[in-house]
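J.: Chains Y and G, in that order, give the protein sequences.
At the far end of the first sequence sits residue 504, using the numbering used here, and the numbering has no gaps.
At the far end of the second sequence sits residue 178, using the numbering used here, and the numbering has no gaps.
There could be a bad hint or two in this list.
Result set (DSS-like, lysine-lysine): computed pairs, CA atoms no more than 27 Å apart in a straight line [as the list claims (entries may be wrong)]: (1) K130/G / K468/Y; (2) K130/G / K118/G; (3) K130/G / K36/G; (4) K434/Y / K130/G; (5) K130/G / K171/G; (6) K101/G / K118/G; (7) K490/Y / K466/Y; (8) K38/G / K118/G; (9) K395/Y / K406/Y; (10) K89/G / K76/G; (11) K76/G / K171/G; (12) K118/G / K434/Y; (13) K101/G / K171/G; (14) K118/G / K468/Y; (15) K468/Y / K490/Y; (16) K406/Y / K171/G; (17) K76/G / K38/G; (18) K157/Y / K254/Y; (19) K76/G / K395/Y; (20) K476/Y / K490/Y; (21) K406/Y / K38/G; (22) K38/G / K395/Y; (23) K476/Y / K466/Y; (24) K434/Y / K395/Y; (25) K76/G / K36/G; (26) K379/Y / K254/Y; (27) K89/G / K434/Y; (28) K379/Y / K171/G; (29) K468/Y / K434/Y; (30) K466/Y / K118/G; (31) K395/Y / K171/G; (32) K171/G / K434/Y; (33) K434/Y / K406/Y.
If you're looking for bench data, these hints aren't it; they were derived computationally from the structure.
Listed below, chain by chain, are the residues.
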Amino acid sequence: MGFFERFFQPSWGVHPDDHKRPAADVPLRILPPPARVYMPLHQHVGGAARPIVLVGQQVLKGQLLAEAQGNISAPIHAPVSGVVTAIGEVTAPHPSGMGFAAITIANDFRECWTELDPVEDPFALAPEEIARRTAAAGVVGLGGATFPAAVKFALGKRLAVGTLIVNGGECEPYLSSDDCVMRDFADQVIDGARIVMHAIGAREALVGIEDNKPEAIAAMRLAAAPWPEVKIRPVPARYPMGSDKQLIQTLTGKEVPADARAAEVGVLVHNVSTCAAVHQAICLGRPLVERIVTINGGAVDKPGNIMAPLGTLVDELLAFCGLKARPARLILGGPMMGTPLLHGRIPLVKGASGILAFDAREATIPPAGPCIRCGSCTKACPMGLLPLEMAARIKAGELDAAVDFKLSDCISCGCCAYVCPSHIPLVQYFSHAKGELAARERARLRTDATRRLADERIARLERDAKEKSALAARRKAERDAARAAGAAAKAQAATTEQPQGASA
Amino acid sequence: MLIAVATLALMGLALGALLGTAARYLAVAEDPIEGKLKDMLPGSQCGQCGYVGCAQAAAALARGEALPTLCPPGGKSVAEALATMLGVKLDLSAVVDDGPKLALVAEEICIGCCRCIKACPTDAIVGAAKQIHNVIREACTGCAACVDRCPTEAMSLVPVPVSLQHWIWPKPAAMATA
Numbered sequence: 001m002g003f004f005e006r007f008f009q010p011s012w013g014v015h016p017d018d019h020k021r022p023a024a025d026v027p028l029r030i031l032p033p034p035a036r037v038y039m040p041l042h043q044h045v046g047g048a049a050r051p052i053v054l055v056g057q058q059v060l061k062g063q064l065l066a067e068a069q070g071n072i073s074a075p076i077h078a079p080v081s082g083v084v085t086a087i088g089e090v091t092a093p094h095p096s097g098m099g100f101a102a103i104t105i106a107n108d109f110r111e112c113w114t115e116l117d118p119v120e121d122p123f124a125l126a127p128e129e130i131a132r133r134t135a136a137a138g139v140v141g142l143g144g145a146t147f148p149a150a151v152k153f154a155l156g157k158r159l160a161v162g163t164l165i166v167n168g169g170e171c172e173p174y175l176s177s178d179d180c181v182m183r184d185f186a187d188q189v190i191d192g193a194r195i196v197m198h199a200i201g202a203r204e205a206l207v208g209i210e211d212n213k214p215e216a217i218a219a220m221r222l223a224a225a226p227w228p229e230v231k232i233r234p235v236p237a238r239y240p241m242g243s244d245k246q247l248i249q250t251l252t253g254k255e256v257p258a259d260a261r262a263a264e265v266g267v268l269v270h271n272v273s274t275c276a277a278v279h280q281a282i283c284l285g286r287p288l289v290e291r292i293v294t295i296n297g298g299a300v301d302k303p304g305n306i307m308a309p310l311g312t313l314v315d316e317l318l319a320f321c322g323l324k325a326r327p328a329r330l331i332l333g334g335p336m337m338g339t340p341l342l343h344g345r346i347p348l349v350k351g352a353s354g355i356l357a358f359d360a361r362e363a364t365i366p367p368a369g370p371c372i373r374c375g376s377c378t379k380a381c382p383m384g385l386l387p388l389e390m391a392a393r394i395k396a397g398e399l400d401a402a403v404d405f406k407l408s409d410c411i412s413c414g415c416c417a418y419v420c421p422s423h424i425p426l427v428q429y430f431s432h433a434k435g436e437l438a439a440r441e442r443a444r445l446r447t448d449a450t451r452r453l454a455d456e457r458i459a460r461l462e463r464d465a466k467e468k469s470a471l472a473a474r475r476k477a478e479r480d481a482a483r484a485a486g487a488a489a490k491a492q493a494a495t496t497e498q499p500q501g502a503s504a
Numbered sequence: 001m002l003i004a005v006a007t008l009a010l011m012g013l014a015l016g017a018l019l020g021t022a023a024r025y026l027a028v029a030e031d032p033i034e035g036k037l038k039d040m041l042p043g044s045q046c047g048q049c050g051y052v053g054c055a056q057a058a059a060a061l062a063r064g065e066a067l068p069t070l071c072p073p074g075g076k077s078v079a080e081a082l083a084t085m086l087g088v089k090l091d092l093s094a095v096v097d098d099g100p101k102l103a104l105v106a107e108e109i110c111i112g113c114c115r116c117i118k119a120c121p122t123d124a125i126v127g128a129a130k131q132i133h134n135v136i137r138e139a140c141t142g143c144a145a146c147v148d149r150c151p152t153e154a155m156s157l158v159p160v161p162v163s164l165q166h167w168i169w170p171k172p173a174a175m176a177t178a
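Let the sequences and hints guide you as you build the complete structure.
T.: Structure representation (C-alpha cells):
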C-alpha cells in the first residue's frame, strides 16, 4: 500500500448506494429441491462439457453428467438424483436470449449421493493431485468470471506465485452471497484458501473484505486466528474493489500491467466462494452442484441468500422468495456488470452470484443526452481511461481510433456510465466495439485459414497430377516391356519352330 | 558563386538522368501494391468477382479497374481493408453483406456425383461416388462455387448460425439530441 493511499481514499471508482441490507442480514435459506433441473453444459470460460449420460438414464446426486473437453473446460455434475429426461436447448443467461445445450433431470427427491471420495489430510496431497481433484469436481471461479479454478492453480504453480489474494470484496450493490459465505462458512473459506495456497505454493494469503461487511470480517478473523499466514485485510468499500486488478493494487501496491495476468506480478486471486468450493471438493469430495445466490431487488418480497441446486430455474427462486410486483427487469449478477435476462425460465449457473428483480422505479433508464464533456467518466474510470473519447470514436464507427485509446484495457465495470450526467450508455458502446473487434479478428483468422486451405488444395492437385502421370508412365513402360517380351517370345518360338518343322 | 551554381546544376542534371534511366531499366514488373492487395483477398480463387483468381482481381484493383467491393466472400471487412489500402472512398451501399454464409447439402436430393467436390476451392466437401456428400463447416468459405455445379440443386447457401460466442452487443441507438 502506497504512502498516500494509507491516508486517502483511492481516487478511482464510484460509491453507489449498496442496497445490501436487509437482504444480507436475513439468515441463509435452503431451497426445497425443485422437481426439474436444467444443467447447462457451458457454465464456464472455455470449451463446453461433453455429455456422457443418455436420456432415460438414472443418475445420482453428484454423478458426472458431462466431462471437460479441451485444456480450459470444466465437467458438470448432477445437482439432484433422478432421471435424465432430455438433452436439449434451454435459454442461456445471456443478453441475446439465445439458447444453449443443457441436460434436464427429473428429480426423484431421494437426494441420494453418488460415492464420494473425501480426503482426510489435504495438505499431505501433492499440489498436482489437489489441482486434479479440483478440476474433477468442476470448480470454477464463482465470483462471476467462471474461469476453471484448477487451470489457475497450474498457472500459479508455474509462475511461482508467492501471494494468494482471497477476494471477499463483493463490491457490486445488492449482492451479498460472498458476505453470506464468509459469515456462515468462514471455516470452509479459510480451509479452502489454505488448500489453494498449498496447491500453488504460496507463502501467504491476503483476504480482502470491504469494510461495509463488519460481520464477515469478524467471522473470518475468528476462523483465521490459528493460521498466521492467512491475513484478513479490510479494504475501503468502493466500486469496483472486487475487480482483481484494483484489489491487488489496494492490498499489495502492485499494479498489473496491461495485457498481463495477475500471476505475472506474483499474485493469484480467488474468490471466497471458490475457496469454499475447493474445501468441499477436496475435504468432502463433493463436486460443485449447488451455490449460494442472492435474490434481491425492489420486486422481491423476502430478499435474502438462498442455497440452491445449480440448474434451478430463476422463476422458481423468485417464487420461493415471493414477488411483490411483476419484475420490470431481471438481472443475473450485480446491477453494474450483470446480464439482463429476458425471462425467468433460465437455469441458475455456477457463476450466478445474484438474481435481481427490479421494480419499475429501479429499472427506469433515463433517456441519453449529448456528451457535455464534463470529464466525470475519466475521474471514475478505475483503469485510467478516457471513456468519453472512446465512446465518441465508436459512435463515429472509428474502432481503430478507440483501440488507440486502450479500449482493450476496459474492464466493463460500468463506473463511467454510472456517473455520466447525460446517461450515455458508455459500456454498451464498449461492449459493441469489443464484439466487433473480436469478429474482425475471427474474420482475419478465417481468411488466413482459407488461403492455407486453397494452397493445400493446389498442392494436392499438383501431387495428384504428378502421381497420375507417373502411374501412366509406369503402366506404359510395363506395357512396352510386356509387348517387347511377347515379341521376343514369338521370335524365339519362330526360331525354335523352324528347326522342328525342318526335322519333321 | 557561378561555379557553385553550375556545379549543383550539373549534379542535378546528372543525377536526374541517372534516376530516369534507372526507373526505365530497373522498373519492377509487378505493382508492389498488387502483392499487398492479393494478401488481403481470401485467396480461395472462387472467381465470383469475374476475374480468374485472386491475383488477377488484385491486379485489376491496383490498375483501378475494379471497385474495392468486388469480393463477395470477403464481405464488408475485406472491402474496408482494400479501400484503406487503395486510399479510395468506399461506397458500402452497393454491398449486399447479409452476413457470412455456408454451403449446405440437401441430403435427400444429393446423388453423390462428386461434381461439387471438384469445384470446391478449399476442399471443404467430403464424399465419394454414390455417397451423400457433406460440408465441413470450418473449411467452407461460402463462395458458392459448388452451387451451380450441382445437377440436382441439392447445394444451397445458408447464413452461418449466430452462436452465443459470436453474438455482438448492438450499437446504442443514436441519441435524439446528440
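J.: Run every hint past the structure and note whether it holds.
T.: Cross-check of the supplied hints:
Simply put, K130/G and K468/Y have alpha-carbon atoms about 23 Å apart, close enough for the 27 Å limit, and the pair holds. The suggested pairing of K130/G with K118/G holds, with an alpha-carbon distance near 15 Å, which does not exceed 27 Å. Between K130/G and K36/G, the direct Cα distance comes to roughly 43 Å. Violation of the 27 Å bound is thereby established for this hinted pair. At roughly 46 Å between alpha-carbon atoms, K434/Y and K130/G are farther apart than 27 Å, so this suggested pair is violated.
A threshold of 27 Å between alpha carbons decides the hint, and for K130/G with K171/G the separation of about 49 Å lies outside it, so the pair is violated. Straight-line distance between C-alpha atoms of K101/G and K118/G comes to about 20 Å, which keeps the hinted pair within the 27 Å bound. Straight-line distance between C-alpha atoms of K490/Y and K466/Y comes to about 36 Å, which puts the hinted pair past the 27 Å bound. At roughly 24 Å between alpha-carbon atoms, K38/G and K118/G fall within 27 Å of each other, so this suggested pair holds.
Using a Cα cut-off of 27 Å, the hinted pair K395/Y and K406/Y holds, with the two alpha carbons roughly 16 Å apart. Only pairs whose Cα atoms come within 27 Å are accepted, and K89/G paired with K76/G is accepted, the gap being roughly 14 Å. Under the criterion of a C-alpha separation no larger than 27 Å, the hint pairing K76/G with K171/G is consistent with the structure, at around 17 Å. Distance hint between K118/G and K434/Y is unfulfilled; the C-alpha atoms sit about 39 Å from each other, more than 27 Å.
Under the criterion of a C-alpha separation no larger than 27 Å, the hint pairing K101/G with K171/G is consistent with the structure, at around 23 Å. Proximity of K118/G to K468/Y is assessed by CA-CA distance (about 16 Å); at most 27 Å being required, the pair is judged to hold. For the hint pairing K468/Y with K490/Y, the CA-to-CA distance comes to about 32 Å; that exceeds 27 Å, so the pair is violated. Only pairs whose Cα atoms come within 27 Å are accepted, and K406/Y paired with K171/G is accepted, the gap being roughly 19 Å.
As the CA atoms of K76/G and K38/G are separated by approximately 16 Å, the hinted pair is consistent with the 27 Å bound. Restraint check: the Cα-Cα separation between K157/Y and K254/Y comes to about 19 Å, which is no more than 27 Å; the hinted pair holds. This hinted pair checks out: K76/G and K395/Y have alpha carbons roughly 18 Å apart, not beyond 27 Å. Of the pairs offered as hints, the one joining K476/Y and K490/Y holds, with about 21 Å between alpha carbons and a cut-off of 27 Å not exceeded.
At roughly 31 Å between alpha-carbon atoms, K406/Y and K38/G are farther apart than 27 Å, so this suggested pair is violated. Of the supplied pair hints, the one linking K38/G and K395/Y is violated, its CA atoms being roughly 31 Å apart against a limit of 27 Å. For the hint linking K476/Y to K466/Y, the alpha-carbon distance of about 15 Å falls within 27 Å, and the restraint holds. Of the pairs offered as hints, the one joining K434/Y and K395/Y holds, with about 13 Å between alpha carbons and a cut-off of 27 Å not exceeded.
At roughly 18 Å between alpha-carbon atoms, K76/G and K36/G fall within 27 Å of each other, so this suggested pair holds. Only pairs whose Cα atoms come within 27 Å are accepted, and K379/Y paired with K254/Y is accepted, the gap being roughly 21 Å. The straight-line distance between the Cα atoms of K89/G and K434/Y is roughly 25 Å, inside the 27 Å bound, and the hint therefore holds. Simply put, K379/Y and K171/G have alpha-carbon atoms about 24 Å apart, close enough for the 27 Å limit, and the pair holds.
A C-alpha spacing of about 50 Å is found between K468/Y and K434/Y, which places the hinted pair above 27 Å, so the restraint is violated. Distance hint between K466/Y and K118/G is fulfilled; the C-alpha atoms sit about 17 Å from each other, no more than 27 Å. Distance check on the hinted pair: K395/Y and K171/G sit about 8 Å apart at the alpha-carbon level, within 27 Å; holds. Between the alpha carbons of K171/G and K434/Y the distance comes to roughly 11 Å, so the proposed pair stays at or under 27 Å and holds.
A threshold of 27 Å between alpha carbons decides the hint, and for K434/Y with K406/Y the separation of about 11 Å falls inside it, so the pair holds.
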